[in-house]
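One-letter residues, chain by chain:
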Amino acid sequence: MNKTTSIVLAGVGGQGILLASEILAKAAGFAGFDVKTNEVHGMAQRGGSVIGQIRYGEKVFSPLVSKGEATVLMSLERIEALRYADFLSPDGLAVVNSQVIIPTTVSSGSAVYPENAKEILKQSFKHLVYLDANRIAQELGNPKCANVVLLGALSTKLENLTPEIWEQAIRECVKPKFIDLNITAFQTGAKAPSEL
Amino acid sequence: MKQLLSGNEALARGMYEGGVTLAVGYPGTPSTEILENCAKHYKDAFRCEWAPNEKVALEVAAGAAMAGARACVTMKHVGLNVAADPLLSIAYTGTPGALVVIVADDPGMHSSQNEQDSRHYARLAKVPVLEPADSAEARDFLKKAFEISETYRTPVILRTSTRVSHSRSLVELGERQMPDREIGFQKDPKNCVLIPAFARQRRLVVEERLQQIQADNSDKWGINRIEKGSEKLGIVTEGIAYQYVKEVFPEASVLKLGCAWPLPEKLIREFADSVEKVLVVEEVEDFTEVNMKAAGIACEGKKYVPNIGELSADVLRASKAKMEGTEYQPCASCQNMADAPLPNRPPTLCAGCPHRGIFYALKKFDVDVVGDIGCYSLGVQPPLSALDTIICMGTGFSMAHGMAQSGQKRKVVGVLGDSTFFHSGITGLLNIAWNKANCTVIVLDNRITAMTGHQDNPGTGQTLMGEASDAADIAAIGKACGMKNIAEFDPLNFEETTAILKKSTESDEPWLLISKSPCVLIMKERVGNVRSIDPEKCKNCRVCVKTGCPAIECTDKNKPTINPLSCNGCSLCNQVCKFGAISE
Numbered sequence: 001m002n003k004t005t006s007i008v009l010a011g012v013g014g015q016g017i018l019l020a021s022e023i024l025a026k027a028a029g030f031a032g033f034d035v036k037t038n039e040v041h042g043m044a045q046r047g048g049s050v051i052g053q054i055r056y057g058e059k060v061f062s063p064l065v066s067k068g069e070a071t072v073l074m075s076l077e078r079i080e081a082l083r084y085a086d087f088l089s090p091d092g093l094a095v096v097n098s099q100v101i102i103p104t105t106v107s108s109g110s111a112v113y114p115e116n117a118k119e120i121l122k123q124s125f126k127h128l129v130y131l132d133a134n135r136i137a138q139e140l141g142n143p144k145c146a147n148v149v150l151l152g153a154l155s156t157k158l159e160n161l162t163p164e165i166w167e168q169a170i171r172e173c174v175k176p177k178f179i180d181l182n183i184t185a186f187q188t189g190a191k192a193p194s195e196l
Numbered sequence: 001m002k003q004l005l006s007g008n009e010a011l012a013r014g015m016y017e018g019g020v021t022l023a024v025g026y027p028g029t030p031s032t033e034i035l036e037n038c039a040k041h042y043k044d045a046f047r048c049e050w051a052p053n054e055k056v057a058l059e060v061a062a063g064a065a066m067a068g069a070r071a072c073v074t075m076k077h078v079g080l081n082v083a084a085d086p087l088l089s090i091a092y093t094g095t096p097g098a099l100v101v102i103v104a105d106d107p108g109m110h111s112s113q114n115e116q117d118s119r120h121y122a123r124l125a126k127v128p129v130l131e132p133a134d135s136a137e138a139r140d141f142l143k144k145a146f147e148i149s150e151t152y153r154t155p156v157i158l159r160t161s162t163r164v165s166h167s168r169s170l171v172e173l174g175e176r177q178m179p180d181r182e183i184g185f186q187k188d189p190k191n192c193v194l195i196p197a198f199a200r201q202r203r204l205v206v207e208e209r210l211q212q213i214q215a216d217n218s219d220k221w222g223i224n225r226i227e228k229g230s231e232k233l234g235i236v237t238e239g240i241a242y243q244y245v246k247e248v249f250p251e252a253s254v255l256k257l258g259c260a261w262p263l264p265e266k267l268i269r270e271f272a273d274s275v276e277k278v279l280v281v282e283e284v285e286d287f288t289e290v291n292m293k294a295a296g297i298a299c300e301g302k303k304y305v306p307n308i309g310e311l312s313a314d315v316l317r318a319s320k321a322k323m324e325g326t327e328y329q330p331c332a333s334c335q336n337m338a339d340a341p342l343p344n345r346p347p348t349l350c351a352g353c354p355h356r357g358i359f360y361a362l363k364k365f366d367v368d369v370v371g372d373i374g375c376y377s378l379g380v381q382p383p384l385s386a387l388d389t390i391i392c393m394g395t396g397f398s399m400a401h402g403m404a405q406s407g408q409k410r411k412v413v414g415v416l417g418d419s420t421f422f423h424s425g426i427t428g429l430l431n432i433a434w435n436k437a438n439c440t441v442i443v444l445d446n447r448i449t450a451m452t453g454h455q456d457n458p459g460t461g462q463t464l465m466g467e468a469s470d471a472a473d474i475a476a477i478g479k480a481c482g483m484k485n486i487a488e489f490d491p492l493n494f495e496e497t498t499a500i501l502k503k504s505t506e507s508d509e510p511w512l513l514i515s516k517s518p519c520v521l522i523m524k525e526r527v528g529n530v531r532s533i534d535p536e537k538c539k540n541c542r543v544c545v546k547t548g549c550p551a552i553e554c555t556d557k558n559k560p561t562i563n564p565l566s567c568n569g570c571s572l573c574n575q576v577c578k579f580g581a582i583s584e
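Chains as they are written, first to last, in this note's numbering: chain S, 1 to 196; chain A, 1 to 584.
Think of the hints as simulated: they come from the structure by calculation, not from any bench. A couple of the hints might just be wrong.
[To be verified] List time: in silico EDC-like cross-link candidates among lysine to aspartate or glutamate, alpha-carbon distance up to 16 Å:
#1 S:118 with S:132
#2 S:118 with S:77
#3 A:2 with S:34
#4 A:228 with A:273
#5 A:43 with A:467
#6 S:3 with S:159
#7 A:436 with A:508
#8 A:557 with S:172
#9 A:2 with S:58
#10 A:2 with S:172
#11 A:2 with A:172
#12 A:364 with A:495
[What the hints assert, rightly or not] Short, incomplete list of chain A residues facing chain S, as computed with Cβ under 8 Å:
#13 243
#14 247
#15 550
#16 553
The beta-carbon is built from N, C-alpha and C at its ideal position, and this holds for glycine as well.
Kindly generate the complete structure, drawing on both the sequences and the hints.
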């Protein structure tokens, strides 16, 4: 119906969704697309579940992604991908970080963290890239670039954004001394095979 | 070159380009980043200030506009309730310089206690309200608002919403243009002094002004736009709802209102006459629908479009199906995914947050705790479950007063934060001292306005522009209000906290307690050394878990552990552990 590309980024407040969203939006802008994003601020941030939404194309109206519309759903935490699974299109790609962050509801005994999360992920997503991005980032020298490792994996599904454009966007969004690290993180993520 | 700006960044840009010389506000999601961006990018071009509350902010802006300057005031929707008093009367005098009130509504209540629709204030105050639908319009409409305000000598409301303020879209930047006039107040009592004799005259002017604005809103401003489509259905919409309409009804004719009040009646009537059926799509209330019906223009709206919660393309698809008498089918792929039960992940008090110590200690007392608006509202979540009421800014003190005077037996404790104390706690405290309300009230002084993302307040010793300033002294204010019993304590010292709570709640006099410990997010270093739990000594009693600290992780099978990456070393868990299992 429309040629708008939609992406949902999920995670826990403080994990670095904003930077990933910014790089992606910049890249889409550099490629000449109209682009809109939406972010969560305020109360929803304090360790709560958060999503970032990016849409780009010839002309974008809504900044919000519709259910079943996302080309890629990327999650920085293992089960947060499941919380927003209904945004993904039937042929969409789920990029999931294996990191587990236990919510306080689980610690206090009022809820249970699904033990078989990996199984549920496999059943839920036809196309899944599952990575230990924190380990990969650690091996590259800085655990904070896990979000960019995942962004690399996500980029494989977005054919209308070239590697040069991604690199340009990363250069604009991170501090000069972290540019090389993040470009390597991105490239590593783009080549990393799914661990599930 | 176009820049990707959030709605709030674009509004700051609009102030810059539109020649503002003073911008004032009080932080509140989703409005906060407007002034933050003014200070970040444009403080060399114009002055920007946080005010202690929205009423003060609006009055400061009004003062500048009275002197002929262009002035803007920013706040969230509930802030406009606080500022309603000056708004409804400055609407009578108007100001020679532009006065624009930017109000950010929060449909869906992402970070708010109610879902009020601020457009009603435009009708109540008899002033126009402009509603941008994206960042470029946010900038453009703000500049238009300056022009309207000065042309008609009226305050103008610019209403944004969470999804306009916090979405980014492309904006072509323009140059700063200053109004060509000298700033300085011109004495003009008949138009500036609202004694009844003069106010009655201004009352007439306000009504004539509104009629003129209404006519010009249809014919002259060019802020409302018709997008011709099918004649079968015409949709009248405004603000962010327009974006969803364009996705869900691509064929329909659309009248996009940039200014819905005063209703551009002539234009709407022409539009309605050109289509077979009119649907009004607006977020939250049926404001425009009712105004159209009152004007005798046939339309439907809330019959199909929900008046609760925010809209989205998905919500509108369901409305469309309802209107067409079909069943709404969400996409097939959505049905069979994620049916596994997932644990909720609500926002929580941060690891090391000083509020945790007080709330954990308060649980040991048989008291009613009257809360307020701020990070500490997160203390309502289990396992702390520490707050019994939360209503609005200031209630932490004044409602505690009322509950204490109700004749009930249980002792009452009121809590509010430092910024909230300066906002509307001081008058409540004055009243407690004056009328001798036997309650304990606590200022949770974490040296910052935390929930909205760390803004300065009168207690921080710094202004929005970064200038050093004298920090207001809460204990001294308490003394000046007439409080006899005042104590400061360290909320991260559990024994001290418990002792002062015991002393004050057992007393039959009012007490002001000041909890002094900075927000962990503004500290450059950890509060203390990272703690860990010795699994040998741990009896799995889970007392540490009951503090609700997100750094303490456990599942139904495992003993608690402390995540060293999250722990801030506040040592509360250490202090409450009865088995000495937690150490540095």
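Structure-based check of each hint:
1. The hinted pair formed by residue 118 of chain S and residue 132 of chain S meets the criterion: a straight-line CA distance of about 12 Å does not exceed 16 Å.
2. As the CA atoms of residue 118 of chain S and residue 77 of chain S are separated by approximately 12 Å, the hinted pair is consistent with the 16 Å bound.
3. At most 16 Å may separate the alpha-carbon atoms for a hinted pair to count; residue 2 of chain A and residue 34 of chain S meet this at roughly 10 Å.
4. Our distance criterion of 16 Å between C-alpha atoms is met by residue 228 of chain A and residue 273 of chain A, whose separation comes to about 13 Å.
5. Proximity of residue 43 of chain A to residue 467 of chain A is assessed by CA-CA distance (about 11 Å); at most 16 Å being required, the pair is judged to hold.
6. Under the criterion of a C-alpha separation no larger than 16 Å, the hint pairing residue 3 of chain S with residue 159 of chain S is consistent with the structure, at around 13 Å.
7. For the hint linking residue 436 of chain A to residue 508 of chain A, the alpha-carbon distance of about 10 Å falls within 16 Å, and the restraint holds.
8. With a CA separation close to 46 Å, the supplied pair residue 557 of chain A and residue 172 of chain S exceeds the 16 Å bound.
9. At most 16 Å may separate the alpha-carbon atoms for a hinted pair to count; residue 2 of chain A and residue 58 of chain S meet this at roughly 15 Å.
10. Distance restraint check for residue 2 of chain A and residue 172 of chain S: the Cα-Cα separation of roughly 15 Å lies within the 16 Å cut-off, and the hinted pair is therefore satisfied.
11. A distance of roughly 4 Å separates the Cα atoms of residue 2 of chain A and residue 172 of chain A; the hinted pair therefore holds under the 16 Å criterion.
12. Only pairs whose Cα atoms come within 16 Å are accepted, and residue 364 of chain A paired with residue 495 of chain A is accepted, the gap being roughly 12 Å.
13. Annotation: residue 243 of chain A was flagged as interfacial toward chain S, and the flag holds, the nearest CB pair being 4 Å apart, inside 8 Å.
14. Given hint, residue 247 of chain A at the interface with chain S, holds; its Cβ is 5 Å from that chain's nearest Cβ, closer than 8 Å.
15. The interface hint given for residue 550 of chain A is met, as the beta carbon of that residue sits about 5 Å from the closest beta carbon of chain S, less than 8 Å.
16. Against a cut-off of 8 Å between C-beta atoms, the interface hint on residue 553 of chain A holds, since the closest Cβ of chain S lies about 4 Å away.
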